[in-house]
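J.: The chain contents come next:
4 protein chains.
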Amino acid sequence: MKNEIHEECGVFGIYSTVEQPLQNSVYYGLFSLQHRGQEAAGIVVNNDGVFLSYKELGLVHEVFTPSILESLGKGKIAIGHVRYGTTGDNNRSNCQPIDVNHVKGRMALAHNGNIVNAHQLREELELKGSVFSTTSDTETIAHIIVNERLKSSSIEEAVNNSMDKIKGAYSLVIMSSTKLVAARDKHGFRPLCYGKTEDGSYVVASESCALEAVGAKLIRDILPGEILIINEDGVQSITDHVGKASRTMCIFEYIYFARPDSVIETHSVHETRKEAGRLLAKAFPIEADIVIGVPDSGTDAAIGYAEESKIPYSMGFVKNKYIGRTFIAPGQKAREDKVKIKLSPIHSVLNGKRVILIDDSIVRGTTSKKIVKLLKDSGAREVHMVISAPPFIGPCYYGTDIDSKENLIAVQNTIEEICKIIKADSLSFLTVEDMLKITGKNEGFCTACFTEIYPTEIPRGTVKNRFELPLSKSKTRFSKIEDEDIRL
Amino acid sequence: MKNEIHEECGVFGIYSTVEQPLQNSVYYGLFSLQHRGQEAAGIVVNNDGVFLSYKELGLVHEVFTPSILESLGKGKIAIGHVRYGTTGDNNRSNCQPIDVNHVKGRMALAHNGNIVNAHQLREELELKGSVFSTTSDTETIAHIIVNERLKSSSIEEAVNNSMDKIKGAYSLVIMSSTKLVAARDKHGFRPLCYGKTEDGSYVVASESCALEAVGAKLIRDILPGEILIINEDGVQSITDHVGKASRTMCIFEYIYFARPDSVIETHSVHETRKEAGRLLAKAFPIEADIVIGVPDSGTDAAIGYAEESKIPYSMGFVKNKYIGRTFIAPGQKAREDKVKIKLSPIHSVLNGKRVILIDDSIVRGTTSKKIVKLLKDSGAREVHMVISAPPFIGPCYYGTDIDSKENLIAVQNTIEEICKIIKADSLSFLTVEDMLKITGKNEGFCTACFTEIYPTEIPRGTVKNRFELPLSKSKTRFSKIEDEDIRL
Amino acid sequence: MKNEIHEECGVFGIYSTVEQPLQNSVYYGLFSLQHRGQEAAGIVVNNDGVFLSYKELGLVHEVFTPSILESLGKGKIAIGHVRYGTTGDNNRSNCQPIDVNHVKGRMALAHNGNIVNAHQLREELELKGSVFSTTSDTETIAHIIVNERLKSSSIEEAVNNSMDKIKGAYSLVIMSSTKLVAARDKHGFRPLCYGKTEDGSYVVASESCALEAVGAKLIRDILPGEILIINEDGVQSITDHVGKASRTMCIFEYIYFARPDSVIETHSVHETRKEAGRLLAKAFPIEADIVIGVPDSGTDAAIGYAEESKIPYSMGFVKNKYIGRTFIAPGQKAREDKVKIKLSPIHSVLNGKRVILIDDSIVRGTTSKKIVKLLKDSGAREVHMVISAPPFIGPCYYGTDIDSKENLIAVQNTIEEICKIIKADSLSFLTVEDMLKITGKNEGFCTACFTEIYPTEIPRGTVKNRFELPLSKSKTRFSKIEDEDIRL
Amino acid sequence: MKNEIHEECGVFGIYSTVEQPLQNSVYYGLFSLQHRGQEAAGIVVNNDGVFLSYKELGLVHEVFTPSILESLGKGKIAIGHVRYGTTGDNNRSNCQPIDVNHVKGRMALAHNGNIVNAHQLREELELKGSVFSTTSDTETIAHIIVNERLKSSSIEEAVNNSMDKIKGAYSLVIMSSTKLVAARDKHGFRPLCYGKTEDGSYVVASESCALEAVGAKLIRDILPGEILIINEDGVQSITDHVGKASRTMCIFEYIYFARPDSVIETHSVHETRKEAGRLLAKAFPIEADIVIGVPDSGTDAAIGYAEESKIPYSMGFVKNKYIGRTFIAPGQKAREDKVKIKLSPIHSVLNGKRVILIDDSIVRGTTSKKIVKLLKDSGAREVHMVISAPPFIGPCYYGTDIDSKENLIAVQNTIEEICKIIKADSLSFLTVEDMLKITGKNEGFCTACFTEIYPTEIPRGTVKNRFELPLSKSKTRFSKIEDEDIRL
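Residue numbers (my numbering), protein chains in the order written: chain D, 113 to 600; chain G, 113 to 600; chain C, 113 to 600; chain Z, 113 to 600.
Since the hints were made in silico from the structure, they are not lab data.
One or more hints might be untrue.
For chains that are exact copies, the list does not tell them apart, and a pair is met inside one copy or across any two.
Below, a list of computed lysine-lysine pairs in the DSBU-like style, where the Cα atoms sit at most 30 Å apart [to be verified]:
hint: 1; residue 1: 329; residue 2: 485
hint: 2; residue 1: 553; residue 2: 535
hint: 3; residue 1: 481; residue 2: 279
hint: 4; residue 1: 308; residue 2: 433
hint: 5; residue 1: 532; residue 2: 488
hint: 6; residue 1: 422; residue 2: 394
hint: 7; residue 1: 549; residue 2: 481
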């Protein structure tokens, strides 16, 4: 009985022409991908075939102290990973990158996504005698590739032969003794792009903001189904699986996951969010005095809404910037209301005003209810909540932790009911149709969490597992947000 | 030879009708005053005359772990302090509140400000045999009050008798065995206000945001020269020194120090900043495509400028929110350019645009230069820098660390020269006249750092001390900001 | 190419009839085995088939804080491990117990010893597609057993079928979902015993001192080649491999490794050391005034020597008991002479005396030289060094880190030459013949490090590996002792 | 109402002819005085008049990490302190050395002892306006000296003038801008000696072992009542108070406090303990098979007893050397019996034997009872407990924490009754007469805790204070030992 850990993550890889402390570059890359995973971080540096690795629970700059960075020496290739996942020391073994020894050498691998047939693959491998030391589907991917490697003449051939076996969402960065390999599943669920620095190093990352962080210019996204190989001969591409499936990139990357300054498949994330705001203003014109966003994720759409509606964009809250991941609120009452500790409304802005409040999503509704109350307590006459995404109605099996149905407020309630629950004066959600327009493309997206249209078979037994596995202490991402009231 | 430490700080005090773990309230109060001092924090709880205290270098939530909070027991009175000051473990003894034993009992004291005759007072005290264990002027204040206490029948009488002796800026929160006392110098340099919670506790704090943090409603500011006494009989006021000097509240509290959601002397800090933006738009109309603010301190004024000028307010940067106080940038190059690590420009917003960039001040110009470059590298066609304060031309002796003249770029350079240095297309500063209009009051402010008009005598030997004192490792606040490129 | 890590370790397992926080028992067991490994510690608790595990670099009480112990829940079976091995965070993955998932369930395994055919086994496994995530031979053992498990009906059958494949030294404690299994290689290189507590729990451990630590009475040693199975039906034994090879228990366990209060194969370790002292006194009668031991390992033999020789046993040194594993000596000079920091000679005891100094071994001679100098500087007229073991002449391949030949002073030098190097007045070593008499048995021992008579084939390529493997930062144990001058 | 903290401590000072990182020397000195105080450590370095200081709760090597040592720079004079005292973070302010500013400069002071008129002195000072920031009597001493300094032409004159005012036990090391001063009260309660290194530095320390630790040779003890001044002119002595009172050095320094390798007033501590053992053997001849000591403090006397009685000295226990100050025993049962965790009896030594067990003291009897049980459980036929000191019957007011009467088992019980309580077969204490013979001097000792003959007036209100002061969380030293069962 297995525990596939479901997570949103960030991956990073770099290939340099000269030996240098590449971990520093990986550090900056991971630091700029921190929003994709705050639970753990890891770096593996390849120094002429010798892999030095460090991974630990914590934020990038907590895990990688100067002395630990220094202990990783130098190298020409290095990869890294930030992970959102379970908490608890017991799960440290699930940190990535995974670093394994096999008969033809050594391989390190970092994965963003979630494979839907991990259960079956693992069973088959175990029946052949494979031994697993972690509970993550990443280890399963590593075993599949290593098994293919025995029959292949190169790491890229092994990856290519593995791609039909591994089903679901995976953006992979793989390091062998001499190569950096990047691969993206044929649906392209998770983003993955690459670029080049001025001094000729190649960089692969989940988002373009990580390329910028190390001074690399974005070349392009890795294609769905593509395998990119970087070694001393430069960059090569295997496209055997390109075009073998419908492109279904996660649209929630634009709406929430990615960083505003990233560019994914040529679209600025910030602009898509602003566009969502504009589309909302068109679809839901509201009589109001000010538009405010829930910091930080509602800000972009709020600016778009304000622009379109001509209602002034305002600063509704001061967000306490000293709250860290480890902040503990003393006292029972405080623990119950972290929203108030993190967000301080500005009375002079709100008092007597009709407020349009933009946020990116409602999961359970708890936080929204608290924010609406905060605004009303600060004198807001009306609070109109506008959400820059459609309501969640289905879980995600492709690497994010959109909660199971029973925890999604929109599964059990109509929009009107939700509006009553959160005590807003009105509540509007971006429609699925409008959502598809935010990049102007109108297709090529996975919208399963909003539509229950899943681009692949649903993983066997997954839902059951998630609630029965005693080791899985994982709280799903969004429920966690609700627990902690507000994202940092 | 003495070392008066100059600092901006935050003070907090609470008087409860029931014994309870008041440190939790102080914790939330200090947490919301964290922007006034990030170097150290301290709390003293008065449990029926027994003072339990803890103070340490670090942020409030770093210093006060749950177990340390618990170790402070319970009480009916408690005070706290956050401190900006020197770094280095050796200066831990300068943490506040100061907690002293004297013949009539015990007294704890927290101070925001800087007294200008500390040197003379200390010398006089030492000649009478007084022993000092710290280098802070707060200890001098404590000695003066204790000495007066010997001759007085109450702590408030002692404070009252001390007020003419202590010259300069001081907002004090003092705790005796049975009373909470608040006092503000007759000029009212630093803010200090009080309020009341629903359950009848009285709270005193540097800013009203700290009252909100504990659920208290602002009653009013302590008057310049006023002493407020809170004990089981309620609140009393001594006004012997009220009106005995010109009111000269630090105007930079509005422009930069205070939190936007605070209300000081009935004026919303956020609104005064927005007004500064509006005044700038009127005074310096610029042809441009977008208005952006340097996060976070330029945002309010940028919104005001945009509103007045009708040029759209935009999000020019993503600020990395995972950078903490202890962030260390590995690699030489990185260390040189922390601005870039903290601020990521959004290309799609900036590319090809004429940008108005609002910030609150320029000290040395180093950061401004880097930010302008960042914008230009991201495609900004023009960058017009607009500063929501006048140029700094003089040091501050009243509790902030406006640098000495030789480090102030505006002392040596004209605005045009500064504009060239930072490579902006234009540079505008708020005029002193406009600055005085931001609250609508037009008087009652200390503007010394912009005008060199000092409301009091300048402290004897201070400037000299600052550069000769070997123990004073203090970097002044603004130069520190420049060193570290950008505020958190 | 693999890196077998060579190490001396301690193992512990417990099977309880009732569910309870067994990690506490393992903690005490490991704590009493701490002398067998100070680099890392690990515990796995089996709660009804769910394994909760924690392992980390550090001493037992450093690794297992109260909160971490608590996080391990409860269970009926638990095992643990202390490890001597390499330092450096990068090797955290080599910590034990190893905890793996396989098709028939879960298995955790702790190992003391070193297998000599790890290289070949690993190669064979990798050719079948096995993936290794650590560099330790323990993972190889786990893979072998898991592979046998696929073909077997029980864990004990799998272990039994593995025993001829795994060659060399291994004392294993294995935990399956329902059983605790202990196994010892057919030579019996490393000790392993079991006992029972008053409340009916069975305990397996490297040494009897760990049984005492949890209130268990020693039943007997596990026989060389024996497999012991403990489950709800009690204790069963598989003896298929018993008697299939010569018994060659490591004699250095008596002389140095084991704790004096342990009983191994019915012999008190303390008594064997005292007997070594008596035999030395008979073989090397010396005219002297006092007998002293190097604390702590020379003390037992010194008491024996004194008893036999009638020369008074004395306290020659005060050992600084505040030095911990993490002690760092500031200053260059100090770093060079840690012996002096750890051992303070007592002048009044030594001054003018002819001293017999007992220690258990000389590896490189550096420490001995320093100790002799210390005594002479304190006034000792003569220093006669007497070693309670023969000279080391060969490396160990069975789980201890007796150094390679080039670092063994006795390989390059005669006893007389060593005596000159360390500047003693005389130097005597226990003869191999006398050593064999310390338990009265005279046979059944591995004496390879003193005689180069190896009971098994020597591992292929091992010596080479030790110096070429870039990841192996392992300093051998004894050279480490010399580096750090003296054991704690 | 004041809280005099009662403590046993260690002091250290060094004067060097050249500027160097003297903190390293102080570190080694304090490290060797660690047995005198494990709660806190502090160092102040004087770099040409600038004092850099660091003090914190913890062991010397915990408090002084390499980076903290480095931060203390260099200097020609430095002093340090180790403190036994209260636990709890709130008392960090009581750490020493005390470092104060006064009108004529700066002074740092470290104190071992306890003054009996602290209460009165403090009251007088407070009435003159003095402010105290700690609760320790050391701050009172500092104030007295600073007040005298105002009227004096030198620090030594100020100390000399203070000596009649300060009553009780004090061994002081004082540092001014240019001098190192050592002073010992006229009774000489606590030891204090000085020596010289080969390179001409002078060193002052509580015990000679600290001189050895920095390579200094003992010159002599500071005389009771003497003031020693070390500056660039060498060493000078003020003897105005020498001979002005009876010499009453604490005899328990020989029996327990001091380190065996120290020499106090020309007597080797180890030899005095051995002599105590011999005297006990003469006074209490017992038929037995072996003599064992409770490690580590009973060992010296046990060797003496064995020597005199001709009964063989044996190793009765293995002491777990991995237990540190911070060891926490998990599980309720364990917490109750830390003796067993720390001491493991060796069965083969004890089984069937009549055992003479030597320890240095019995306070409450709890530990003794547990040790006797441990021996009997290990097969000891008879256990004869022999104590190398007389029974405690009175509290100590001179700097040690001999408990108050109600906690001393010998106050309420006869020796026979104690013997029954601890379940020994016999119990003997060293007589006061024999105790006075251990140095051969027979006079000049304070024996108050054994005789209730106090050499000074008993401090006013002290006993009351100890139990009423709410801030004093101090557990007295010996009861603490009993709490924690056994010293480390």
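J.: Taking each numbered hint in turn, which are not upheld by the structure, reported in ascending numerical order?
T.: 2 and 3
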